[in-house]
Amino acid sequence: MPAVSKGDGMRGLAVFISDIRNCKSKEAEIKRINKELANIRSKFKGDKALDGYSKKKYVCKLLFIFLLGHDIDFGHMEAVNLLSSNKYTEKQIGYLFISVLVNSNSELIRLINNAIKNDLSSRNPTFMCLALHCIANVGSREMAEAFASEIPRILVAGDTMDSVKQSAALCLLRLYKTSPDLVLMGEWTSRVVHLLNDQHMGVVTAAISLITCLSQKNPDEFKTCVSLAVSRLSRIVSSASTDLQDYTYYFVPAPWLSCKLLRLLQCYPPPEDGAVKGRLVECLETILNKAQEPPKSKKVQHSNAKNAILFEAISLIIHYDR
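In this note's numbering, the protein residues as written are 17 to 338.
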């Protein structure tokens, strides 16, 4: 993330917030807010063009006023203009305003979508993440129609940075939950499933959340994930493996990922392949045996992590026994 440059503290915003906090009554607060709204409106309508910093400051004030419970009926265009800025803090505030205050029926949606497309194609990972976060936060059908076909390509591209892949996976998950008919993996299915083997914890955790949701609706399309999930689970729970050992939590390796893998397997019947089935049985036996071992720590976090994996393993066994 770019360093915060001098001046990004926005002293005017800090003073305004301080004034609001010092108001002794609701009437005094409303009077101060109306005064500020009039000032911002005059600045936006003035003949003098505002620089990016000033736009950012005034848009931030509008956001703060909105969060206090007051309606905001202007400033949207200025926020959209911030999306085209090359400065991170200005673009960030623009996206924040859009995510909170612009609805899917807005006349500005076309301009917003164009700005998002520019950031997604910029190959700047910071700007790409901001755009993906905005798509996910808005999560409208219009957003899905505009970007559902583009995001899978970003997710599986070899040159996409891990932070962007993580955001892309979670963005797709959000769009799929709101508009499942528009999020189609198609040719990307195999490459999305193979993200289960990714070595970046954030990527594989986000990917498995997406794959689990997709598998619940389209199990046949994603059935290849079973063997990959069993293989990854085996590498995590095996004491001889070093897979994700850097993510050990109170002596339990990658407990959140282990739980997610076990939950994913509950979307499918027992594996038909003998080797995969045997490996899964070994995993479950290992988990059950570890649950009976003396605790390696007296901390509650250790027992919580062990028990979470144990409960998911038991849930999987019950699922197979039905």
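These are computed hints drawn from the structure, not numbers from a lab.
Do not take every clue at face value.
[Claimed, not checked] The list that follows gives simulated cross-link-like pairs (lysine-lysine, DSSO-like), each with its CA atoms no further than 30 angstroms apart:
1) K314 <-> K239
2) K64 <-> K51
3) K51 <-> K40
4) K103 <-> K133
5) K42 <-> K59
6) K59 <-> K47
7) K293 <-> K315
8) K64 <-> K42
9) K293 <-> K314
10) K47 <-> K133
11) K64 <-> K40
12) K293 <-> K239
Results for each hint:
Annotation: proposed proximity of K314 to K239 is violated, straight-line Cα distance about 40 angstroms (limit 30 angstroms). Restraint check for K64 and K51: satisfied, since their Cα atoms lie roughly 20 angstroms apart, inside the 30 angstroms limit. For the suggested pair K51 and K40, the alpha carbons sit about 16 angstroms apart, so the restraint of at most 30 angstroms is met. For the proposed pair K103 and K133, the alpha carbon gap of about 17 angstroms is at most 30 angstroms, so the pair holds.
Restraint check: the Cα-Cα separation between K42 and K59 comes to about 26 angstroms, which is no more than 30 angstroms; the hinted pair holds. At roughly 19 angstroms between alpha-carbon atoms, K59 and K47 fall within 30 angstroms of each other, so this suggested pair holds. With a C-alpha separation of about 34 angstroms, the suggested pair K293 and K315 falls outside the 30 angstroms cut-off, and the hint is violated. A threshold of 30 angstroms between alpha carbons decides the hint, and for K64 with K42 the separation of about 34 angstroms lies outside it, so the pair is violated.
Between K293 and K314 the CA atoms are separated by roughly 34 angstroms; this puts the pair beyond 30 angstroms, and the hint is violated. Annotation: proposed proximity of K47 to K133 is violated, straight-line Cα distance about 40 angstroms (limit 30 angstroms). Taken as a hint, the K64 and K40 pair is broken in the structure, with Cα atoms around 35 angstroms apart against an allowance of 30 angstroms. As the CA atoms of K293 and K239 are separated by approximately 14 angstroms, the hinted pair is consistent with the 30 angstroms bound.
Of the numbered hints listed earlier, those contradicted by the structure are 1, 7, 8, 9, 10, 11.
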